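Here the protein sequences line up with chains A and B, keeping their order. All letters in the first sequence, in the order written, are residues 1 to 358 by UniProt numbering. All letters in the second sequence, in the order written, are residues 1 to 358 by UniProt numbering.
Hints are computed from structural coordinates only; laboratory data are not their basis. As the structure is a computational prediction, the values presented were derived from the model and not from experiment. For each residue, glycine too, the CB sits at the ideal point set by N, CA and C. Please note that the accuracy of each hint is not assured.
[Unchecked claim] Computed spacing ranges between beta-carbons, pair by pair: (1) A/Glu79 x B/Leu8: 32 to 38 Å; (2) A/Pro346 x B/Gly260: 35 to 41 Å; (3) B/Ala298 x A/Ala90: 35 to 41 Å; (4) B/Arg95 x A/Glu205: 38 to 44 Å; (5) B/Gly33 x A/Gly260: 44 to 50 Å; (6) B/Ile2 x A/Glu79: 42 to 48 Å; (7) B/His301 x A/Ala90: 33 to 39 Å; (8) B/Gly260 x A/Glu79: 34 to 40 Å.
[What the hints assert, rightly or not] List of simulated lysine to aspartate or glutamate pairs, DMTMM-like, C-alpha gap at most 20 Å: (9) B/Lys96 x A/Asp233; (10) B/Lys220 x B/Glu198; (11) A/Lys220 x A/Glu198; (12) B/Lys96 x A/Glu234; (13) A/Lys96 x A/Asp86; (14) B/Lys220 x B/Glu195; (15) A/Lys319 x B/Asp86; (16) A/Lys335 x A/Glu287; (17) A/Lys96 x B/Glu175; (18) A/Lys96 x A/Glu234; (19) B/Lys319 x A/Asp86.
Number of protein chains: 2
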Amino acid sequence: MITVSVDLGERAYPIHIGTGLLSRTELFAPHIGGTSVTIVTNTTVDPLYGDMLWAALAPLGKQVSTVVLPDGEAYKNWETLNRVFDALLARHADRKTTLIALGGGVIGDMTGFAAACYMRGVPFIQVPTTLLSQVDSSVGGKTGINHPLGKNMIGAFYQPLAVIADIAALRSLPERELAAGIAEIIKTGAIADAEFFEWIEANIEALNRRDADALAHAVKRSCELKAGVVAADEREGGLRAILNFGHTFGHAIEAGLGYGEWLHGEAVGCGMVMAADLSVRLGYLDEASRKRLVTVVAGAHLPSRAPALGDARYIELMKVDKKAEAGTIKFVLLKRLGETVMTSVPEDALCATLAASV
Amino acid sequence: MITVSVDLGERAYPIHIGTGLLSRTELFAPHIGGTSVTIVTNTTVDPLYGDMLWAALAPLGKQVSTVVLPDGEAYKNWETLNRVFDALLARHADRKTTLIALGGGVIGDMTGFAAACYMRGVPFIQVPTTLLSQVDSSVGGKTGINHPLGKNMIGAFYQPLAVIADIAALRSLPERELAAGIAEIIKTGAIADAEFFEWIEANIEALNRRDADALAHAVKRSCELKAGVVAADEREGGLRAILNFGHTFGHAIEAGLGYGEWLHGEAVGCGMVMAADLSVRLGYLDEASRKRLVTVVAGAHLPSRAPALGDARYIELMKVDKKAEAGTIKFVLLKRLGETVMTSVPEDALCATLAASV
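Next up, chain A with everything else stripped away, as it sits in the complex (with noise of 0.2 Å):
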């Protein structure tokens, strides 16, 4: 096991990354105060590892229950977070109830804001089960649901006590969604360490056939990267900005198409190729790089062709993205890989990226 501090002040947290983990009751225990716990997860993962986890909980003597959601982005919505409350309150939990998320990045962003909203804050422990969570949505304390007008646009910064990301899990992962969570490693290295970046060009092949040991140190790599970068701008400032890019273009993807319709980690692969055709067309990125990019992406098997939304509706979904001000889309691109640079654009030289990349 290695464990990775996330230094927030009195909000540290660790991660635990391991194969095995969730099995490990010493693991939970420091982190559950009060007299119950609540399980949050969804109907693909309670059958997969809802028993495993209870069997993890049952020595420390705790009132246990769970709440099973509806699985998918499209629920990520009030609605089935109100689930969330009136389980909670039917069973009359109280400030200390834990609640745990068990499952990917949707289960991860609704136990995490619903954690944050329950009687003004709940503590909470995420059990990632999915590569994309492990690597992003369990580092950073980013929780919410979407609104019909915008993904994630209501939400909360809340920090989990801790987070055990179980490689286990990995192997009930299906293909596309191992995938979206390579395109989540690959953005880290892009524009945080360029040799991380190498790693995983070496490594893609390992990491596509779910090596545990390359499972290990990307996800072990990927959360150190970007934990750097959360304690030093906890509530998105500015320097944590960077951890958007390709996320511009792959909230519009997945806003205009549809939640639910790519997965999150498809949008921001092909939003990554975006912004690096765009980065090359500003003059700040070399060729070079660029396809060095489109390669790893493509070899993750994640998509590089956006889907035809037309200029004018991936503008309009871009304008409401919230990193935008006072209409103005900031943009973060790249200026060699492992260095970004964050700067709104003309709108010739983004549609010229449209149109080369639909």
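Here the structure of chain A is known, so what remains is to put chain B in place on it, guided by the hints.
What follows is chain B alone, placed relative to chain A:
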């Protein structure tokens, strides 16, 4: 104008108290950083003060818009809150958009919660127009909405950038709402400052007839006392719980009758009388002090007979109170006027108080 500072480190903010403040552009100017402002108000307050606030904001050259919600505690729910999000997203409100809550406690709580959640947090200013919201909900950063199974169960701790309490706005306040505000003033004296309690006893008629100087002093002293408690315990770990004197019974009354039947302050007025009865019954408080509390509550024209919900229903409702832990109800009781004790209580004493109160 008097200014009370709420000392919360980087989240510190001023409460300005005085007559005619709503029109003073310079009080708003320092707290509006972005290019747009959205006023959230209700159908009762907007016709009274909406234009005045627009006029005060006009010289700042910001894009101003208003969201008008239906009036009343019955609308303090997700559906109404979502109308704020709908409006913000439809107008492409960005992360620097400032929300201004113009109205009473319901508007303040919902606007604060909307500000806490929209894009995971935007700035907001409170302009409380009721006595209750000036003395109570504008200090402490508690925001939220009700759930059918409990009041204020979904929310966040989120501080405004400033509170602007215009005493002139209290002239239009209905009698019942004036009394409801006085209830929280009485509460503050009863739990924290015997001298202020005496001042209230001596000035209850001046408050009833809306004497501007008496109201300004009462608002200032209540805010100071509450600000001191909140600064010592921002997230309600311990000390802050004393502010809930009268609220455990009061919340049960509000929930039992259906939100909106009694005003919050009316329920707190009655709840304080019930808590004082329980305090005497358990030997914490002397009978003479209880009678002084009953007299001042009656002097403010607040109800002191509780609705007959039945003991079982009262106890069930109090068990979902946020201060309850593992099903045990914690009460804030009086040791003397100006000093509290927090304790669980034997059920027979609780039932005796309920029997004596209905």
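Status of the hints after comparison with the structure:
| no. | hint | result |
| --- | --- | --- |
| 1 | A/Glu79 x B/Leu8: 32 to 38 Å | holds (35 Å) |
| 2 | A/Pro346 x B/Gly260: 35 to 41 Å | violated (54 Å) |
| 3 | B/Ala298 x A/Ala90: 35 to 41 Å | holds (39 Å) |
| 4 | B/Arg95 x A/Glu205: 38 to 44 Å | holds (41 Å) |
| 5 | B/Gly33 x A/Gly260: 44 to 50 Å | violated (36 Å) |
| 6 | B/Ile2 x A/Glu79: 42 to 48 Å | holds (46 Å) |
| 7 | B/His301 x A/Ala90: 33 to 39 Å | holds (38 Å) |
| 8 | B/Gly260 x A/Glu79: 34 to 40 Å | violated (24 Å) |
| 9 | B/Lys96 x A/Asp233 | holds (17 Å) |
| 10 | B/Lys220 x B/Glu198 | holds (16 Å) |
| 11 | A/Lys220 x A/Glu198 | holds (16 Å) |
| 12 | B/Lys96 x A/Glu234 | holds (17 Å) |
| 13 | A/Lys96 x A/Asp86 | holds (17 Å) |
| 14 | B/Lys220 x B/Glu195 | holds (14 Å) |
| 15 | A/Lys319 x B/Asp86 | holds (15 Å) |
| 16 | A/Lys335 x A/Glu287 | holds (11 Å) |
| 17 | A/Lys96 x B/Glu175 | violated (40 Å) |
| 18 | A/Lys96 x A/Glu234 | violated (24 Å) |
| 19 | B/Lys319 x A/Asp86 | holds (15 Å) |
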